[in-house]
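Asker: Each chain, letter by letter, is given below.
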Amino acid sequence: MTAMHKGLWLRDVAIDLAGVRLIALDAEVAPGAVLTVMGPSGSGKSTLLAFIGGFLDPVFTARGEARVDGVDLTALPAEERRAGILFQDPLLFPHLSVAANVAFAIPRHEKGRSRRRAIAEAALGEVGLADFAARDPATLSGGQKARVALMRTLVSHPRLLLLDEPFSKLDATLRGHMRSLVFDRARAAGLPVVLVTHDKADAEAAGGACVRIGDDA
Amino acid sequence: MEEALRHGPLSARPPPAAAMRWTRLAPGLTLAVLVAPLAFGLAFTALPAFGYLPALGGHVVSLRYFAAFFTMPGIVRSIALALGIGLATGGISFLLVVLFVAGWAGTPAFARLQRGLSPLLAVPHAAAAFGLAFLVAPSGFLMRLASPWLTGLTRPPDWLIVHDPLGITMTVGMIVKEAPFLFLVSLAALPQLKLVETRRLAASLGYGRIAGFAYLLAPALYGQIRLAVFAVIAYSASVVDVAAILGPTLPAPLPVRLLSWMNEANLSMRFVASAGALVQFALVLAALALWLAGERLVGGGSALLRACGVRFRRDRWLRFLSFGLVVLCAAAVFTGLALLALWSLAGLWQFPDALPQVFWLKTWQRQLSEIAAPFATTLVTALVATAIALALTVACLAREDETGRTGGRRALLLVYLPLLVPQISFVFGLQVLSLLTGIDASLAGLVFVHLIFVLPYVFLSLSDPWRAFDPRYAVVASGLGLSRGAIFRRVRLPMLARAVLTAAAVGFAVSVAQYLPTVLIGAGRLTTITTEAVALASGGNARVIGVYAFLQAILPFLGFAIASLVPALLFRNRRALRT
Amino acid sequence: MHKLFKLAVLGLSTALAIAGPARAADAPDPANWQAVLDSAKGETVYWNAWGGSQNVNDYIDWAGRQVKARYGVTIREVKVDDTANAVAKVVAEKAAGKNESGSVDLVWINGENFVDMKDKGLLMSPGWATKLPNWKYVAFKQNPTITTDFNTPTDGLESPWGNAKLVFFYDSARTDAKDLPKDTDGLLRWAKAHPGRFSYPAPPDFIGSSFLKQVLYEHIGDTSKLYKPVNDATFEQDVKPLFTYLDALKPYLWRKGADYPENYPDMKRKLADGELGIIFAFNPSEASSAIENGELPDTVRSFTFPGGTLGNTHFVAIPYNANAKAGALVVANFLISPEAQLHKQDPQYWGDPTVLAMDKLSEKERRKFADLDLGAATLPPSELGPVIPEPDASWTTRIEAAWKKRYGTAR
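Protein chains in written order, with this note's numbering: chain A, 15 to 231; chain B, 78 to 656; chain C, 15 to 425.
None of these hints come from the bench; they were simulated from the model. Please note that the accuracy of each hint is not assured.
List time: in silico DSBU-like cross-link candidates among lysine-lysine, alpha-carbon distance up to 35 Å [unchecked claim]:
1) B/K439 x C/K155
2) B/K271 x A/K183
3) C/K196 x C/K155
4) A/K214 x B/K271
Non-contacting residues of chain C with respect to chain B, defined by C-beta distances greater than 10 Å in every case (computed) [claimed, not checked]:
5) D190
6) L194
7) P243
8) R269
9) D280
10) K284
11) Y421
A virtual CB, placed ideally from N, CA and C, is assigned to each residue, including glycine.
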């Protein structure tokens, strides 16, 4: 195992709160693969995502590394980590149109308003939302919002995907659809995924390794 | 630990970046703005109060000015008036608000009235007081409406209503303004109470609506609005402008007399006035102490009733009474404002005519060039003070996000401090300070003294929506590669635009309404619409009072209109930001 | 936090220092008028004036626009509710050693406030009023109150602005002219017959104090006492008839004396509504002017006492530490120009009688004064009755204090 190999490598990660160990983890996630972290609510499983993404509240102490394709994310400020995150709420920016929400995420090196707009519209087209570009996000259905949130994350060219119970608020049929959409997309883009959930079905659909934490808490 | 977990592991901020470190200064600077003028002001009020102010010939520390103070004619009565008016305003406003909220919160009528009461907060005290005087005076609008067909009167009756010796009219004038304030503060606290569930539970156990609220929710609500009630008591006991317009005259409540002594050519009266300003401070403390004693009494009484299982099931009449009184408050203020507008356009308008015989624009035309300077001062002072207050508040709240710590109750008390210490007790000292340093009345000084009172309101108004902002938006944005500054500019500010503009409108309204600090620090050279309006109160020309008081009332309204129109236009296609 | 506060104070004081006036000119000499005009240009004159009357405020605003256009001098009216407030500012500044760049440049003044300032050395001296270019129009020979203010020589320390005489007003539509009183005793009888329809502003309002002096003059017996400073030994005795009168009047006053009108504009409003039946003011054209402005119905008429009523002159003065002395001189001079005096006497604007001598004016200007329409509510000068000169200033101060002690806290 070398430091330069592909995918996400969580090395000796340990997160404590007030001297109590919440998480201790050493894991690898290959590009396109999913690591599922399961645990009851309040077990602190989301702290792992906060640690990788770079927004862990200072009351927690954490050590260890999170390397993606050899780059140590923990050495970078959050905005340079390019950790795409999806929450159970789509969190579309309410002051921007649907297309502007997606365009907001496109990296700076894509120059020109019309080019960025074209990228955003193409991304929306891929999930069947081409006609919704100019809409107010508040007028979309739950499933539509979830798809926009996914595409917003993907066009930002993330290094990896962090999923914080992203399917738990969707109804049963939508949930299955969104699961396969997200995992297919991640696999197609070769993104390592960390999924935090308390839903066994999520873990089964993800198909990768599964870590359980806080069962005794 | 559990709390931290419930709170979630997210902080809205990426690790500190050098660019935003200046926010570290914000809490200290804000604290300085709130507390330092108070400390210095009180100190420089205390020095002359104890006879020491060499610049004005006071070299010996003594209690003689306190002695002189207590020999002023009618002084006990002046003190009692201030105390009584403060407690009566606080108590009745509080009772009214609690009864109204208990009886009506969660109903459609409540929602409708809520929209009607919010603008009341924008009406400056002086304008509301003038309006009320034009309404209820023996020669006022109500009497005109009823005369002569009902009363048979062609001349106003010789009744002492405005300036009544017990200050009843003045108390009413304060209540119509302070009850809406407490009401809006309560509204902010309501979402934290399980209102509907508790009401159903209480009803299922056979309790009347008001009793259920009083037993189960009122203690929690009171805990949330307690400081605001204190502020109402302190303010009402120390108010000058409303007292000058509606209050007793022979003698006047203490604050009014202090201000007039400050202006006497006999310099020793300034020392007496300073001693009186400290008495005023003690008076407010005494009022609050009495209130605290009352708290226990009411709490004990309520507990006793609860223990006896008194259900007070038939409370319809009380609910409707509270509803009626709240509507009456709003109606009185709005009718008063309409009367101000009417008078400003009136030619001859004799009793008992219900409407003027002649309407003309002459009064407005004649006032235009005189209004220009005070109008400009009002606008500039309010805008600059509000902008600074907003910047400090936003910086403080941003710093909260960075550290993950809010100031908690102690910080809240500090924010309320300038609203609890009587203005007259420390602004006197600031005036002495400006005399000592030879600094003349200047716009900078005026802005600074307004800031002391604008800042708390801006902070109180903005902090709740700011803290309610979902930090995950910032997390998402930073995951998309946005820097902290960009998140602030492109996500947070636009999403909080409405809250920020509303806080600005509140600050603007507070500045426009400031009377005492403007009079003392502006020293007559810098005048605002408010000081001009109150100065004209003695002039008795209702037409000119109408012009100034109407302008005074309309300015804050414009501020609130802009605060709600700008986001409405900006986000006209964004449903989530329109409510 | 301490450091921060120091910083804030430093910043603030710098801002204040920059904003505050910095230059202190030596007292300008009105004999060299061109030099006065030159140094006045660009100055801002803070004029402290009783702000209770809208006519007066409007007039000051008008004067401000004139001197701005002609001499580049800006007037800022500082409205005070008692002239003593302006005196207080200067007193405090002197005590604090602020001997230049004071905050008051010009003050509308007369009587006890003038005497107070003169005695305390708070006025710009030497006397300057008689050296103003427009002094040549002033009726100082015909009118002794221009040079003697409340028994004190003015010595050119204040410049006349207008004449005043106590005049009474009533609404002929509501009050029968036959019953009108001819002296203060008649007034007491009228008040008894019409309870609640008469009152006077609470002293130290100057109109209220004037009413007390009118009563005192008519009842003291030996009026010569009033033209000497108060004699402490006999004061109680001297004012006894005054307070006997007021005690007798009180039960019949508006609100039975539990409240008093604020000042004469307040009484005007109460006359319009019929709350009061007889009011008074110091300006014979007050009613005409008020009718013009819709404040009073056109049925209001005026009357005086055949035995005479108080009369005086009001002035403007410059404090010794004024910041804009040259500007203040320019304003004072403008105020006694025929044009400014004509505008002032026009009831459309104010209606305050002129201090100028008609025979010193040009034919054209004289005609303009003669052509002024004073209105039906104003008595012609021939019917204004004799003038009772103001008592020595010490009387005003003392009877105000005595009144306050007796009635200042009702019931």
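Asker: Give a verdict on every hint.
Answerer: Verification of the hints:
1. A C-alpha spacing of about 40 Å is found between B/K439 and C/K155, which places the hinted pair above 35 Å, so the restraint is violated.
2. With a C-alpha separation of about 24 Å, the suggested pair B/K271 and A/K183 falls inside the 35 Å cut-off, and the hint holds.
3. Pair hint C/K196 plus C/K155 holds up; C-alpha atoms about 30 Å apart against a cutoff of 35 Å.
4. A threshold of 35 Å between alpha carbons decides the hint, and for A/K214 with B/K271 the separation of about 34 Å falls inside it, so the pair holds.
5. Non-interface status of C/D190 relative to chain B is upheld: no Cβ of that chain comes within 10 Å, the nearest being about 15 Å off.
6. Residue placement check: C/L194 keeps its beta carbon more than 10 Å from all beta carbons of chain B (closest about 18 Å).
7. C/P243, annotated as away from the interface, keeps every beta carbon of chain B farther than 10 Å; the closest lies near 18 Å.
8. Annotated as non-interface, C/R269 brings its C-beta within 10 Å of a C-beta of chain B; the closest such distance is 5 Å.
9. The claim that C/D280 is not at the interface with chain B is violated, since a C-beta of that chain comes within 10 Å of its own (minimum 3 Å).
10. At roughly 7 Å from the closest C-beta of chain B, the C-beta of C/K284 falls inside 10 Å, breaking its exclusion from the interface.
11. Its beta-carbon lying about 7 Å from the closest one in chain B, C/Y421 breaks the requirement of being farther than 10 Å from that chain.
In summary, the numbered hints that this structure violates are 1, 8, 9, 10 and 11.
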